[in-house]
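J.: Here is what each chain is made of, one letter per residue.
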Amino acid sequence: MVTAKPRPKLRYETKYLYIFILPWIIGFIAFTAGPIVMSGVYSFTRYNLVLPPAFVGLQNYAQLLRDPLFWQSLKVTGIYTFVSVPLGLVLSLLVAVLVNMRIPGQRAFRTAVYFPTLVSGVVMSLLWLWLLNPQFGIINYLLWELFGIKGPQWLYSPQWALPSLILMTIWGIGTNMVLYLAALQGVPRSLYEAAELDGAGRIRRFFTITVPMISPTTLFLLITGIIGTSQVFTQAAVMTQGGPEYATYFYVYYLYQEAFGSFNIGYASAMSWVLLLVVFLLTYILMRTSERWVNY
Amino acid sequence: MAATEREVQRRKVSFHQRKSAVERTLKGVSFVLLVVISAIMLLPVFIMLSTALKDQQTVFLFPPQWIPRPMHWDNFIAALQSGPFGAYFENTAFYAVVGTLFEVASSSVVAFGFSRYNGLGRDTLFYILLLTMMIPYPAVMIPQFVLFKTLGWTNTYLPLIVPSLFGSAYIIFMLRQFFNGLPGELFEAARIDGCSEWRTFVQIALPLSKPALAAAAIFGFMYRWNDYLAPLIYLNDQDKYTLSVGLAGMTSQFSIVPWHLIMAASLVAVLPPVLIFFFAQRYFIEGIAITGLK
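Protein chains in written order, with full-length UniProt numbering: chain A, 1 to 296; chain B, 1 to 294.
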């Protein structure tokens, strides 16, 4: 029961809460909630930015379902997400464990792994376009020199283009590595000591103590990883233009082409709603199942 | 009795010796692994530098030269003259600095509100704020573009900078986490002393939050310095481009791709983030650690 006394305090706190968060509320309405509602509205119209929007009902959505490029872009993005996110998690955890050991040069190793994340998406794309050049690139040269393998055509091959881009993501594990490192350092030492006394080996300690104790970080990285990879655009725009044969036709690249290449605002808006729903659905599923595997 | 005790002692010692031998081997293997991993991580950076110093002929030599002979330091000048790079650099710096200042200023006000005032609806609104962190930019960019086009703001920096005046969810979240860690008695004391809420924020909370504000500013700066999609959508004139937009156009501008010039220009573009990283490494790690909390 609320007594008479705290009332003025609550009113006071509420007043200042809203005064301070007012900028965010305005921004939320103008740049987030408003646009989401508006793209919902546009998705039921045909609109090219010049003529006023014309209502077409569910036509855009019906067309999406019949559009092979929509399914292709969904497939490309899906494969990229479901391979590169888990791969990145495993590798960044492995590296985090290594740089968490007391080893000479520990700081230098951490810096080396983190360093590539400073490079922008565009520069990284340009650089890898050059590294993966089938004739003059350093990667095919090293494959030949070190292993006697004749490297593939990479970005010029429909089979290898998407794997090339997935391979490239390894170069960006630095951020995840730092987060895992922080998580590893937060695991109480006493747990390891107790397990060691009970005769648990290193590998057993890693899987029964470390992995469960850092599971909140894993959940966080899975969610941010899915959200990030669902919006891949730069690599497609700078390196492959979605090719060859649509092998790297990422979802957001298609969305961009529809919106700002062909000015099919209605169709692109339907695509942006589908993107939003897929991201929320995947996050929701992860959060729900997390009760079973995340140690809070 | 004494013999068994000595035996136990001997076994203990040998156990520890064996253990430390395993430890040493493990560390040795890890060290070698880390050398290989670091080499893989840094190889592209090295190739970038080495390519930037070659000329049109040596770039396409096979096998490639690791250390270019001769070294063309003048490539940096040639690269910067191959397009309005001075303008790109200035534009990017303007966008990154002004946008970040606005973003950190507005976000710190909002974050203080969420942290300090337990008013009606606070938790619901904060939950909404967390949800907005999951919204991909492409999901809202089309109506935003229509809005800014209606306002006549396309081909200006307004659509890129004005939204930062209203805070960003990520930075608000990060700063709120930090404000939550400040001792509440400090603010209570200020309130009792009759200090206004705004002064409490400016004169007590902000000075105590310098590391968090620095981390937020670094994030904001890096994000904008490297941003590509939004500047690409809004900027039409070449002399208004940011570095990302200008660099991305370089591959299609020439018939033979001038890799040495592209790599030289890229190196110049990467320099500010790298310098910030080396001078403010502490804030980087701190910032990442704050947001990584549960």
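Just so you know, not all the hints are guaranteed correct.
[Said to hold, decoys possible] From chain B, some residues computed to sit far from chain A (all C-beta separations above 10 Å):
1. L80
2. F85
3. A93
4. G167
5. N180
6. L182
7. I192
8. M222
9. S244
10. P273
[Claimed, not checked] Have a look at the derived ranges for each label pair, beta carbon to beta carbon:
11. B/E5 to A/I170: 35 to 45 Å
12. A/S190 to B/P207: 56 to 66 Å
13. A/Q63 to B/L275: 20 to 30 Å
14. A/F206 to B/G121: 41 to 51 Å
15. B/A105 to A/Q106: 33 to 43 Å
16. B/P207 to A/R288: 53 to 63 Å
17. A/I170 to B/V274: 16 to 26 Å
18. B/L33 to A/Y61: 28 to 38 Å
19. A/A200 to B/L43: 36 to 46 Å
20. B/I204 to A/M287: 51 to 61 Å
21. B/I77 to A/I79: 39 to 49 Å
22. A/R288 to B/I77: 33 to 43 Å
23. A/I170 to B/L271: 45 to 55 Å
24. B/Q238 to A/Q63: 50 to 60 Å
Note that these hints are calculated values from the structure, not bench results. Using N, Cα and C, we set each Cβ at its ideal position, and we do this for glycine too.
J.: Does each hint hold? Answer for all of them.
T.: How the hints compare with the structure:
{"no.": "1", "hint": "L80", "verdict": "holds, 15 Å"}
{"no.": "2", "hint": "F85", "verdict": "holds, 14 Å"}
{"no.": "3", "hint": "A93", "verdict": "holds, 14 Å"}
{"no.": "4", "hint": "G167", "verdict": "violated, 5 Å"}
{"no.": "5", "hint": "N180", "verdict": "holds, 14 Å"}
{"no.": "6", "hint": "L182", "verdict": "holds, 15 Å"}
{"no.": "7", "hint": "I192", "verdict": "holds, 13 Å"}
{"no.": "8", "hint": "M222", "verdict": "violated, 8 Å"}
{"no.": "9", "hint": "S244", "verdict": "violated, 4 Å"}
{"no.": "10", "hint": "P273", "verdict": "violated, 5 Å"}
{"no.": "11", "hint": "B/E5 to A/I170: 35 to 45 Å", "verdict": "violated, 55 Å"}
{"no.": "12", "hint": "A/S190 to B/P207: 56 to 66 Å", "verdict": "violated, 37 Å"}
{"no.": "13", "hint": "A/Q63 to B/L275: 20 to 30 Å", "verdict": "violated, 49 Å"}
{"no.": "14", "hint": "A/F206 to B/G121: 41 to 51 Å", "verdict": "holds, 44 Å"}
{"no.": "15", "hint": "B/A105 to A/Q106: 33 to 43 Å", "verdict": "holds, 37 Å"}
{"no.": "16", "hint": "B/P207 to A/R288: 53 to 63 Å", "verdict": "violated, 43 Å"}
{"no.": "17", "hint": "A/I170 to B/V274: 16 to 26 Å", "verdict": "holds, 20 Å"}
{"no.": "18", "hint": "B/L33 to A/Y61: 28 to 38 Å", "verdict": "violated, 50 Å"}
{"no.": "19", "hint": "A/A200 to B/L43: 36 to 46 Å", "verdict": "holds, 38 Å"}
{"no.": "20", "hint": "B/I204 to A/M287: 51 to 61 Å", "verdict": "violated, 36 Å"}
{"no.": "21", "hint": "B/I77 to A/I79: 39 to 49 Å", "verdict": "holds, 43 Å"}
{"no.": "22", "hint": "A/R288 to B/I77: 33 to 43 Å", "verdict": "violated, 57 Å"}
{"no.": "23", "hint": "A/I170 to B/L271: 45 to 55 Å", "verdict": "violated, 24 Å"}
{"no.": "24", "hint": "B/Q238 to A/Q63: 50 to 60 Å", "verdict": "violated, 36 Å"}
Taken one by one, the earlier hints fail for this structure at numbers 4, 8, 9, 10, 11, 12, 13, 16, 18, 20, 22, 23, 24, listed in ascending order.
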